[in-house]
Structures are given as C-alpha cells and as structure tokens.
Amino acid sequence: MEFNPEVDFPLLMAVLAIPVTAFILQIAFGKKLPRQGDWLPTTGMFGVMCITVYLAFKAITAAYHTGGDGEEHAALDFLWSSPDAGFQFKWLFDSAKDAGPLNVVAGILYDPLGAVMLAVVGIVCFCVHLFSMGYMAGDRRYHIFFANISLFSFAMLGLVLSDNILFLFIFWEIMGLMSYQLIGHFSQDPSVPFFHKWATWASKKAFLTTRIGDCLLFVGLFIFYRNFNLAWEASATLQQAMPDFQPLLFTDMWEMGRLIVAQNGGEFPAWMTLGGLCAFGGTIGKSAQFPLHIWLPDAMAGPTPVSAMIHAATMVAAGVFLLGRMYPLMSPEVLNVVTVIGAITALFAATIGMVVYDLKAVLAYSTISQLGFMVTAVGLGGLTAGMFHMVTHAFFKACLFLSAGSVIHGCHHVQDMRLMGGVRKYMPITFVCMLVCTLAIAGVPFFSGFYSKDMIILAGWAGVLDPAHGGWIPAFALASLAIAAMMTAFYMFRLIFMTFFGEYRGNQKQHMYTEQIALEGLEGPPLHGHDDDHGDDHGHDDHSDADHHGHDDHGGTPHESPWPIVVAISILAFLGMFGGHFWLADPGHLIHPTHSEPWFTKLATPESMYGPEVGAWATTKISEGIHNHDSDLAHSSHAYAVGLSLTVASLGILLAWFLYVRRRDLPNVIATKLGPIYTLVRRRYFIDEIATACFIKPTMQLCTVFKTIDERIIDGFVLLNGAIHHKLAFFWTWIDKTVVDGLVNFVGLLSQAFGAAFRLLQTGRIQQYAAFAVGGGLLVAAWLILS
Amino acid sequence: MAEFPLLSWITFIPLIGMALLLLVPKNNKTAIKAVSLVATAIPLVLATWLYFGLFDKTTADLQWKERVDWIPLMKIQYFIGIDGLSLSLVWLTTLLLFLAVPLSFSISKTPKAFFALLLLLEVGILGVFVSQDYFLFYVFWEIMLLPMYFLIGIWGGPRREYAAIKFFLYTLAGSVLMLVAVIALRIDTGSFSIPYMMDLAGQGLLTGANLPGGGELLGMEFGTWIFWFLFVGFAIKVPVFPFHTWLPDAHVQAPTSISVILAGILLKLGGYGMIRACFPLVPETFRENCSVLAILGVISIVYGAYVALGQTDFKRMVAYSSVSHMGYVLLGFAALTEWGYYGAATQMFNHGTSSAVMFMVVGVIYDRAHHRDLNGFGGIAQVMPRYWAMTTLCFFAAMGLPGLAGFISEALTLYGAFIADDPTFKIYVFISMMGLVLTAAFLLYAIQRVFLGDLNEKYKDYKDMSGREIFCQAPLLFLCVLLGVFPYLLLDWMEPSVVQLVEFLATQG
Amino acid sequence: MGLEAYVAVSAGLFALGIIAIIVRRNVLYVLMGIEMILNAANINFVAFSHFQGDSLDGRMFAIFTIILAAAEAAVALAIVLNVFHLYDSIKPSDADLLRE
Amino acid sequence: MGRIAPEIVLTLLSMVVLTWDLVTKGRDSRQVGYLSLAGLAIVGYLLIDQWNGLRNAGISAEPTPVFAMMTIDTFGIFFKLFTVGSLAAVMLFVLSDKRERKHGVGEYYFLLLGAGIGIFFMVSTSNLLLLMLGLELLSLASYSLSGFHKSEKRSAEASLKYVIFGGLSAGIMLYGISLLYGLTGTIDLIEMGTGDGTSWPVGLAAQFAYNPAPVAIAIVLIFAGFAYKVSVVPFHFWTPDVYEGAPTPVTTFLAVASKAAGFAVLLRFVGLLFMAEGVDATVAAYGDRIGMLLAIMAAITMTLGNLSALRQASMKRMLAYSSIAHAGYVLMGLAVMTPEGFSAAMYYLGAYYLMNLGAFGFLLYFEGVTGSEEIDSLKGMGWKAPLVSIAMVAFLVSLTGLPPTVGFVGKYLLFVQGIEAGYGWLVIIAALNSVVSLFYYFRIAKALFLSEPAERSVAPQPILTGFLAILAVGTILFGIYTAPLQSWADSGTASLELVNSAK
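Residue numbers (the working numbering), protein chains in the order written: chain A, 18 to 804; chain B, 629 to 1137; chain C, 484 to 583; chain D, 14 to 516.
So here's chain A without its partners, still in its complex pose:
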C-alpha cells in the first residue's frame, strides 16, 4: 500500500471536516434531533477513526516495506506535506503576497509520528463519544456536550495534522477553549450540587494556567520566526539552500535549524535556546508539568469522559507532541531543563498519587507523573521512547479513566475509594479492563506500558552510562524515574485493591476508614479552596457538600454499566494491552518478546520523523545507546533497564498488596507516623495555596489599587484635586456639587481658583471699579513705558 496524495490528502481533509461539520450541525439542530443527536458526532468519529487507522496501517506497513528483510533499522523516508501536493491554504494574504516570509501558508504534514498520533486520537475520541452516550445519559446539556467534544476532536486532529507551528498553536488554543468549556460542563447545572461550583472555577483555573504557558509558546514562536527570517535574509548560502523558505513550516524550520547550527560551527545560537525554552513553556502548561500542573487535578471537575479524552489521552499529550515536533530545534541546554522538569514532575506527582483517595484524583496525578516520564524521555534523547509512551499511555490511561468512570457510574457517583471495595463482583468486565490497564501502566511485561516505560528507563541508563552524555542530570532523571515507576505500580494497585477487593463499603457498614474520613473528610472535592481569593473556608463547606452528596446517592449495590460504556472500555483495554506491540507485525519475535522491536520504534525513529538529514543531525544530540540499538552501550543499558523496571514494578505491586490486602490497618498507622510529611503530601505540597498567595491575591489587590487610582487621581486631574480633597473640605464639597451638576473637575478647579479672585474685584461698588480701572491703566502705562 503506497501513500497517494490524490486520495489520501482529501481523506485527511475529511478527517478535519467531519467533526467540525458535526459540531455545527449539533449546535444548530442538536436539540431537535432524536436522542439529541448524540449519534451524529459519534458516527462521524467512527468514520474518522476508520480513516485514521487505515492510513496508520499504510504507514506501518510502509515502515516494514522499507525496512526490508535484512536490516532492522532502515530509516523510513516519508514526510508527506500537502503543499508539495498542492494542498495549501494561503492564510494572511490571498492575492497580494502569496508565499514568502510575509504570508502564512498552511497545509497538512503527515509523517510517521503524525500518522500514529492521528490514529490514537481517532480511536480514543471515538471510544469517548461512545462511552459518553452511556455515561452522560440524562444530562441536561447533553447535545451541547457532544457538540463540544466533537469540536475538541477537530482541534486535536488539526493540531496533529497541521504542518506549521502557527496553526499548531491555533488548534492548541482552541483545545484550551474546549477544555475550558468541557471542564465547566457542569458549571451551570445546579442538579449536581457540588460540581457546578467546583467546575466553574476549575475551568477558569485551567484556562488561565495553561494560557500562561501558551503566551510563552507564543513568544517562542515569535523568536524562531523572527530569527529564521533574519538568518535567511542575511545569508546568501541559506537562500540558495532553501529558495522558498517558509519560516513557519516544521519541515523548513528543521532544515533551517540544521543549516544555521552547521553555519554556527555545530553550536546552537543563544536565541535558539531561548526560543526552545519558551516553546517548552507551552508544554509545561498544556502537559501539566511542574509548576503549572495545578490545573490538571481540578480539571477532574469535568465529566469523566472529558477527563479521559482531554486530560489523559489527547490534549495533555499535545504538549509532548509539540516537544516531538520541536525536538530538532532544541539545544542541549534546553533538553537538560526539559529532563529535570520532567523528572521532578514524574516523582512528586507520583508521591501525591499514593495518598489521595479520590479515584479520579489518583488517575489525574498518575497522568501528571506519566507525562513527566514522557517529557524526561524526550529530554534525555529518548525521543522514540517518549512518543511511544505517549501512545501507549493514551490507550491505557483513557481506558483507566473510562473504567473509573464506569465504576463511579456503577457506584452511584461516589468517587472516594474508601467507600468502594469488592466492586469486582458486581462489575466484572470493568474490573478486567481496569486490571489490564493497571498492569500496563505498572509496567508488567507483555503489556504495552512495559515496553514504552522500559525504553524510557533505557534512555536514562544510556545517559548515565554514556561517557559523552553523562553528568548528574541523567542520573537524577533515572533515579527519580525509577522511584516514580515503583510508586506508580504501588498506587495503581492500591487503587485496584481498594476498589475491587474486600467487601463493598458503599453503605458504610463495617469499614476501617471511618476515623480517617472523619479526619480528612470525603474526597471528590479537592481539599483546597475553590475561589480566586482564599478558599480554605470554601473548601470546608465543599466537604460538607460532598459528604452530603456522597451519602445521598448511596444505597443499592453497584451494577455493571450499559453497553456503550462496556464496549468502549473493552476496545481501549485491548489496545492498552497490545498498544505498543503487534505480534502480527513481526511474528519472528513471538518467542522472546522483551528483545523484540515494537513496530512503533521502527516507525518513529528520528530519521523517519524528521527526514534523513535532520534526523541524522538530531541524533547527534542523543547518546549513542539510545538510537543505535547494536552498540554495546545499548545492550548493556538495555539489560540494566529491563532489570530495573521489572524490580521496581514488582516491588510496588507487592507493597500495595501487603498494605491494602494483607495488613489493611497499616496505612493509617504509617500516615500518622509520618505526620507532617504526610500532611504536606496530602495537601499537594500546598502549591495551590502558594500560587494563590503569590500571584492571584496580589493581582486582585493591584487591580483594586489601580481602580482607585483611576477614579481618584487621574480622573480628578492629577493629585491637585486629591490634595485639595484633603486640605479644604468645603472646597471639595463645592467641586463635588458642581461635578454632580456636570462640571468637569478641572474646569471646576480653574474657575474656582481664578473666578474667586475676579469675583473679589466685582464688588458692585462703582468707585472701587474706578479705582481698579485707574490702577490697571497705570500698570499698562508703566508696562508700555518700561518695556
């Protein structure tokens, strides 16, 4: 199967067209259609899924074709960008300026990474649509919900497909908007008492927090665009090399970056570092990296399908995808920063994940942590590994969220794990799916997560062992990743055990968390404030809200969910298991899977992602152990990696089993033993409080100050007025009166000052007039004589 522009670009266009049409139809007629038209976007997404998967298959098979029988790692050369095929969209100017730096020409870029990512998005989005049909049933803004998710899907697909960074940014922002809308979905639905408050500010928080990152990305975009232009205009050689240079196209940016660095003697110019950092700012925002991660846990205020799609599988992954796109332009320094940030995020999110009780919160923090894994991987040069993990994670995390949603649905919208337990009896399918994905995320062999995580650890080892790229950074990254991986295994199985094992504690019969619930309140609502200024007091009544809410919907035992939910999670569970590793792809490795080569790594090598030259250049930043699988460095680090990841995984699982199946009394004991540390982690390191205290409060105060200034001073014609205000009360009252009459303050002042003086002269006494006149005349005469 060969890629053929005449057919396939129209198909890709269709991929974009379908959801947006669905959105428009849904907005327009949704309410009137039968079933409020949920089938409309869903079927649309089904079509999208089919197209994307079909094209992805083409890509994969293409990979194996070029791969040939003999050599394994042959670079894959397809980067299909639509402008070459004449599919392009002159954006800023239609006629006047066609191409050239002064215009933006948008098109489609379809490369291996894009191909896979597109398929992933297509699948996940479809599953979520399907799931929502069951999960959202009876919601009062049902049709709007579907409209929104389809518009979101459009944005995400567009982001993957767009061939230039500006359009990537545009779709990026639209996703932000839709995320805002969807998180806030309940915000106007009083029928969910706690959520419609939480959702309101959570959505706002998410939008604003990510927007900070977006602005950074925007500046980064400026920097690259500007300096590329300058460089191109400056040097004739570059102009020969790239006659029709489009500074926004990814392909051109990579090539140009390569040339410029080559010109610069292999050194990255400073502006590239700066731009790279700014671009990474975008990732920090969208992919919830430390310290801008704070919005993601609260994003759980949105409906579960939204959390699954946006805040697990797609949107947050977009940050990593952006890293993938920008990788060649990132100087080593930037990559170091990336590594460190990612490692920190991975570790500390995992710690929080271990102590929260809200089912979705656990998953949220695990998402942050996993994103940390990916980012670290990219930073270490494990580009393929990072992207690979992004794909596998998309599947199993989506599945986990949806299953969690199914559980919550089954347990009548309780989210606190301490009120669950033994659910596996009631919801077998859900249990199976969740278990599979948990194994995957915990990194158990034969499950997709294992391969990707293994590769990331490998990247870490390679970095550590490689004398060229050594240093403390890879070591730190490796260490924190290892610990994080263990914690991951731990808290995921903690989740499994607490939820599905033991007896059902829903109706508050015997259970041993009573005192703890009494101590910390139920979860579901986060523990911190919900309002711009301080929240703790709000926090408390939210507890009571949630409490009340929790008890309300109680009663009755859990039950398995309706078919759309089940189907959806089953599909995703299947993919979560095999996601990274189709045995069909290369049957030869059925025997010793760990040494096999997942198709993804064949597909998404730097060479295949950026084309041969750029790819080759990009790999120079990477430790040999990562990209060259035959180097002994690779082999040794591979050995270590497998060992390490297996150890941490098993350790974590065992620990979880011990604490939450064998000795269920221990957790509380430990918690009390740890004391302040426990509280610190439990309260998410107080980062929200800090943010509130350092940024939000000052801002609000500042704006109050400015408001006052504006009304008092500037308007009161500058200080003078204000001063008089205090000095002479009667004066002021006069001005006030006249102001009310309609005098403008400063005219009032003038007339007061001068008018008063003139008034003194106008006494009504004719002789005084005469005197003044004569006096004035004398002055005039004097002036005339003396001048």
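Certain hints may be false.
[Unchecked claim] Computed spacing ranges between beta-carbons, pair by pair: (1) 580/C with 654/B: 50 to 58 Å; (2) 770/A with 686/B: 56 to 64 Å; (3) 54/D with 802/A: 45 to 53 Å.
Hints in this document: simulated from the structure, not taken from any laboratory. Note that the coordinates shown come from a computational prediction; the quantities given were computed from them, not determined experimentally. From the three backbone atoms N, C-alpha and C, an ideal C-beta is built for every residue, glycine too.
Let chain A serve as the given structure and place chains B, C and D on it in line with the hints.
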C-alpha cells in the same frame, strides 16, 4: 477618477434621511424607524458594493477622489477620497450605524430626535474617514461631537449630564490643540490637502520655515509641538492612558446603541487620525517618539486590563477592556513595522466588531435586570443559554482566541512590535503578553459571575434573547469568526496602503 | 510763564479729579471730579494751541468739550436724581444691588 | 452732500420719531417703532448704495473726505451697516417685548437712533474731535437707555454706574487726546501718523525720539476710552453690572452695536497711527509694542471673561461676561497689527453680530415666557419651544467656536493671523479659552434639552421666533459659505490702506 460621486452619496445620504425624518410627524413611530433604517441601509449597501466591487485593492492611491473648491479665499477644498486604510472603517461605520437603528427601537423618549441625531452622527463619522482636506477633516471631526453630546446627555443614564459634558470637554480640549497645529501646517504648506502635506513632509520641507521664528512655539521645535498637539488630540479619542477617563463615564451613561457606536467607531477615529493626519506629517518626530508611544500603549494595555479586572459594573468593565484593546493599536503604530500596522489596522476593525457586541451583550442583560452589578447576577446561563453562548463567543473573540478575529490583530501587532528595530520593544511585548492573560482573566471572571453558579431566583423567568437582539449581534459575531478564519478579507484590501505608509514613515522626512 | 506751568496745573487738576471720583462719598462730588478732568483737558488744549503757533484745533476742541461737559452733567444729574429717588441716598456705594 | 446722506436721513428720522412720539403721546407707540424701522431701511439702502459705489470704484477707492473731517470709506460703511442692522434688531426686540409696553417707548427709538447717529460719526472720521463727539453722543444715549426703566432700582443703578464710569473714561480719553494734541500739534490721526518731525504738526515719529514717556501715557489714556467702550480688562468692570441692570434690548444694543463701534474707532486709531502708509519705521516698531500690549490685554480679557462666566446663574450676566471674552478674541485681530488681522477681527465682529443677537433674542424670548433670567428657569424648555431652542443651540455652538458655524470661521481666521504673526501662545490661550467657554454655554443647552420636559406651556412669539430662525440660518450658512462676509471685511480693511508693519 470617479465620475459618480459615490463617497459623497455614502456620506450625505444619512443627512438626507435626517431631513426626511424631520418631516415625519413626531408620533408616527413606525415611519420614523423605517426612514432611519433605510437611511442607514443605503450607505451600507453602497459601502459593501464599494468594498467588494468598485474598490481597486491593488493600488495604494486614493480612489474615488472628489475635489472641488469650497472656500477659495482660504484655499479650502471639498476633497474626499478613500484608500485601504479608511475603506474597512467606512464599511464598519455603515454597518454599525445600521445595526444601531434596530438596537434603539426600544427608545421611548422622542425617538424622532434620537434617530435624527444618530443620522447626523453618521455623517460626521463618515466624513472624517473620507476627507482628505484637513479643514474638512476638522469640520467633520467637530460635527460629530454635538450629536454625541445630546445622544448621551438626553437618552443616557442617571449621571448622563456629567458624562456628556465630560466627553464633550475632553474631546474639544484635544481638538482645539489640533486646530492650532492644523493652522500652523496650513500656513507652512499653503494648503490644506493632507496628501500634499505628506509629500512636503516626505521631502523634509515641512519644517515651519514659513512661520515666524521658524515655527517655534513655547520653546518647542515646530515638528515637536505639531506632533504632540495632533497626537494628544487623537489620543484623547482613542483613548490612550492617561486621557482615558472620559471613556468609562461616557460608556456607562450612554444608551446601548450609543456605547456600541462609541466603542465600535469613535475610538477608531483616534487611531485612524493618527495614521492619516498625524504621523505622516511629521514622520521624523514620530520616529523619535516611537518608544514613548509604545510605552503609552503598553500602559494602556496592562493598566486597562487591571482596572477592568477590578470593576463590579459590567459596562464599566467592558469600557476599560476597550482601553486595553486600543492599547494594541498604539503599540502597533509605534512598532513602525508592516506587521505592526497590519495588526493595528485589523485590531481597529476587529475591536470594532467585538467590543460592539460586548456592549450589546451588556445592553441585553441591562434591559432585563435594569442593573449592571456583576456580583448581582449568577446562573443566567441556565435561563438564557443562547445569550450565554453568544456572550462567550464574543468574549473569546475579544480576548484574542485563535480562530477568532481578535487573535489575528493581536498576534500581528505583538509580532510587529517584537520585530521592531528598537530592542526594548521585546520587553513591551512580554508585558503586553501579561495583558493577554489579564484580559482572559477578567473576561472569564465576568462570565463566571454573570452566567455560572447558582441561579438567582429573581432572574428565573427571564426570556432568552429576542430575534431583534440576535439580529443585531449575529452579523458582528459572524464577522469575528469569518475574519478569524479568513483574515485576508481585511488584509488584502489594506495591504498596498499599509506597505506604502510604513515605507513612508520609516524612511521619509 | 512757560508751557510746563499749564501742563503741571492741568495734570494736578486731572489727578484731583480722579481722586475725587474714587474717594468722595457723595455722588455729586464724583460728578464734579469728572468735570475737573474734562477741564484739565481743556487747559491743555488751550495752552497747547497757544504755544503751537495758535492752531485753532485746540481751542475748538476746548469749546466742544465744554458743551460736552454740560450735556453730560445734565444726563448725569437726571440719573442721580432718579437713583436718589429710588435709594434715598446719594452715596454711590449704596447702590450695589448689581454685583457678584 | 450725498456723501453724508445716511447721516442726514438718520438725523431727520430721529427728529421725526421724537416729534411723532410727542404728538401721539400716551397711545401705543408701535407705529413709532415701525416708522423708525422703515427709516432704518432707507438708511440701509443708502449705505449699500454708497458701498457699491465705492466697491465699483475699486476696492481701495480713495477715501472721500467731507469738510476735512469725515471720511466716507468702506470701513466706515461696514460698521454703519452693522449699526443699522443691530438697531433694527434691537427695535424688533423692543417691539416684541411685551414688558416694554408699560414704559413710554417712544423715546426708546429716539435714543437708539441718537446713539446710532453718534456711531455713524465716530466710525467714519479720522479726526479726534469728531470722534470724541460721536463717542459722547453714543455714550449719553446709552446712559439714559440703560436707565430706561426708571422705576426699577437695578436699571437706575446700572445707569448710575454707567454714567460715572463712562464719564471717567471719557475724561481720561479726552485728557489723553489733549496730551497727544500737545505732542503732535494736530488732532487728525493721519497727520499724526505721517507727519515728519520738521515742522508743526510734527507727527508722532519725532516725539518718540524726544519724549517717549508722555506719548506712551497719552496713548494709554486714549486706549482707556476705547477699552471701556469695548469692555477690555481692566476697563470692563461696569460691563456685567450695567448689562445685567439695563433692559434686555438695551443690553443687546450695548453688547453688539456700541461694542462694535468701539472696535471700529480702536481699529482706525491703531491702524492710522501705526500702520498707515508712510509711517515712520520707529512708529511701526512702536506699533509692535502696542501689539504686544494688546495681545496681553486680549489674553487677560478672554480668560477673565470666560472664567467669570463659568459660575453665573443668571443667563444675562453670563452673556455679559461672554461678551467680555469675545472682546478679547477680537482684540487678537488687532494685536497682530496686520491688515489681515484687522479684517479677521471685522469678520469676527460680523459673526459676533449674528450669534450674540441670537443669544440675546433667545434671552428676551424666555424672559417673556418665564419672567426670569436664571438658567435653571430654562429647564426642559427645549421640548416646549423646539425651534427657538434649536436656534439657540446653533448660536451656542457658534459662540463656542465649533464648526460648521460662523463663529468657528471667525475664530479660525483670528487664529491663523495670530500664528502668522508669531503670537502662538496667545492662540493657545484663546483655544483653551474656547474649551472653557463650551462649558458654560452648554449649561444652557443642558438646561434646555437634558432635563425632563417642562410643564409650563409657551405662548408663541412669531416675530422673535422668525428673527431667531433667520439668525440661526445665517450663523450656519456663513459658517459654510464664508465668502461674502469675508470679502466685506476685506474691502473694509482695504479702505484703511494699511501696510503690514515691519515684523
């Protein structure tokens, strides 16, 4: 160039309409509405025709010129013409004035007078946009003030008298200084034709040599005081910090349709005046003072956003958002790069649409609740979903969300500033980015306080937007989306003029 | 006796007239002050015309001035009479209804 | 004889009016009014005839002297027409003012005509004696007019103040004239300006060299006389009080006709002394100092007028101050010491005629309705008498100096001259002043329209309404089509045959 005096027709048809209106009996409301609708619709149609049919977008020259002597003794001509810079604004004017008519159907107090003044206002505005003779320009500029004064003063809110006279005084204070500068220019060049003055300035001949004392005034160089007098005159209109304080009062007190026009067009007059009749006449001084203007612009952006964030009055908030958004225009001008000017010019248009809708939005809720206290609302979205949707759309357009019009202009402006020769502009860009976040903040904060949360019982039985209200908002919202997706619908038309202007400003004089 | 003497006298007269107008509390004296000024002017006219080769202009002027003074006095007195009749006072400072 | 036909007719007319009034004593004196209006029409016709005659003889036709005293030139005729116009207007006011009925109004017309005669003579002579006589004739008539409501205290007080202040200024001026006569040996301005220092009359030039101080004093003293007529600071004090106390038609006359006459003589005086052809360079240089002096006085005058007007509750007193402010604007035109400046000043006076007559007419109209001069008493009246009120808005716009009105063009011309003469600071002060003036003028517009409609119903006053409408139309028309007024002003100045004094 044009045999048929199209521009004159566009400009003066409202005047004819006004004359007809005065003949209509006072209590025949339908006839009054009909006449004013027609009188505003015809210019809109003509302007649209001009935009898409008659206008030649490949050239930067003045088109549809009309030039006849008016007051020969003073060498004053009736000289009008149009180019890429004014075309879009003319069209926007006709559109907004047309929408303002149905928007004011609810006016109960002597609608006849109201619509008559409205039409007179349109004449003034259009006149400013088309006139190429500085005297004519000034005359139209001043003609605008009177109807505005009465429109705010008679049909405004409780403190309307204060707001009206304040608006009048501020603008007049600016424009008398302008007059002084204009006279000086006239004496120096011996002509009122703005293009001619531009030519002289381009050749560096506009130096005040023909004035006593080389045109020095109050110890200022000729160029300097001319520039500042003109600039202040226009800056008050824009309004630029610290000349902005008339704006909130005028907006808060004015009736909805007038706020719409005020924010939609009158503010643009300031920006337009700068690039038409201030910078090109003293390009050198302009270049010297670019950074000052940029700083003023940035202050307006951030400061406006901050103050807006602190507001509890819905309309006041929107008013300050205008201060903030117009700051981009000034920043773009100061950048002195093509991108900056594309940005600023499109920003003028896009802010014209988005802010207009924002004021209509405020009007919608005010007509129902009869107050504008942001904290007094809540949960409105539950009863007025359509209203909520439209509001959200226009707010996001205003905060420059990609895919909507605002993004184009803000992005272009900021990039234009970013690539300015003066490196300090990069700092301004960063600060303005803060303005972006703040804008998002106060708009979302407003949405939250008005639409989300618990529904206040007393708003339970509000009706969603009526057809008339939707009719007024829909076209503008459509523009917000359309121009966000196809920005070339604006840029192509202004491109030649902008290129020429920037080239002129950057090199000449 | 030279021109200076006449000019000096007229100047004195002029000054006295002004002072009278400003300080006197009786409106009649004020009117007299005006007359003094006029006559100061007259002295000048006559004197100058005498010392400038007997040009007639000055004398003519003086004659007309006398007539003027008479007419003005007439009107003024009528007005004063009316004011006195309304205010029962001839102190000009009593008539101060019209003021700020 | 034909040259002074207008003066003769006017004099005869006044006689006829007087006698007619004596004959028909006690009866309604409307016929007297109509008679005098008719007479004025004739005078106007004669003047226009003369005007055209001079114009056809070329715009700078030789001024034609009469008895070596009067000069019949377009300059004078401009102001005579001006006077006739304002007299007619004032008589219209009197006719349409019901409250004037109770006073015997016959003398009213007589006195007005007498004042008119005075003006006719003073504006058309370069001879200080005749000028003085005309001035005094005007003054005497004005004194008695302002005290016309004999029974009203305020009126009486006004006339008292006027007569004292007027007498004082007249005396001062006379004394100044005597000094000038002593210094130059002539009472003719042309001779003063052009006389060479060799033989009597020596002219000013020589005297500047020997004893500048007396010259300065003499000039200042004479200025005092004019300044009091046009109420320029510091000789303005009488203005607010007298304007307020006098009957409104009289106030109108004082504010329009007598002020214009004052400016006429001032223009001629300054022009002939310092700017006539053949004046010595030293004199011209001295003229610049005078110009500076006038500029300073103008600045002070307009500022004082506007700022004091800001706070007036009585519309009449407010208009009084505003007329002071406008005197300041006109003075700008003199200060620049150029023929163009003079014609700008004359144009402004023309504008001033239209808009101020309008404003006073409006005042009269509503005195008739509400019986009060307070601005607050106008609240909501705009909705009751829309036509008059809209006309008033036009006058206000013009007084403020906004386009498209004659007031704007007038200000514009003055500003142009100011800047060309290098008086930029003065122009800026004037500009800011017009901003300030906006504020108090629009308090009237505010009261009229911005408040809720008033209950009181308004009895129609057709004559006044029509007159105001015509004035309003003129105000706007001349703002758009300025040519005629401008050419009149120009030819008026041209006949003074001034030269642009050395800058």
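Tested hints:
Taking 50 to 58 Å as the suggested C-beta distance range, the pair residue 580/C and residue 654/B does not conform, at roughly 44 Å. Evaluation of the 56 to 64 Å hint for residue 770/A and residue 686/B yields a pass: the beta carbon distance comes to about 59 Å. Between residue 54/D and residue 802/A, the C-beta spacing of about 49 Å keeps the proposed range 45 to 53 Å intact.
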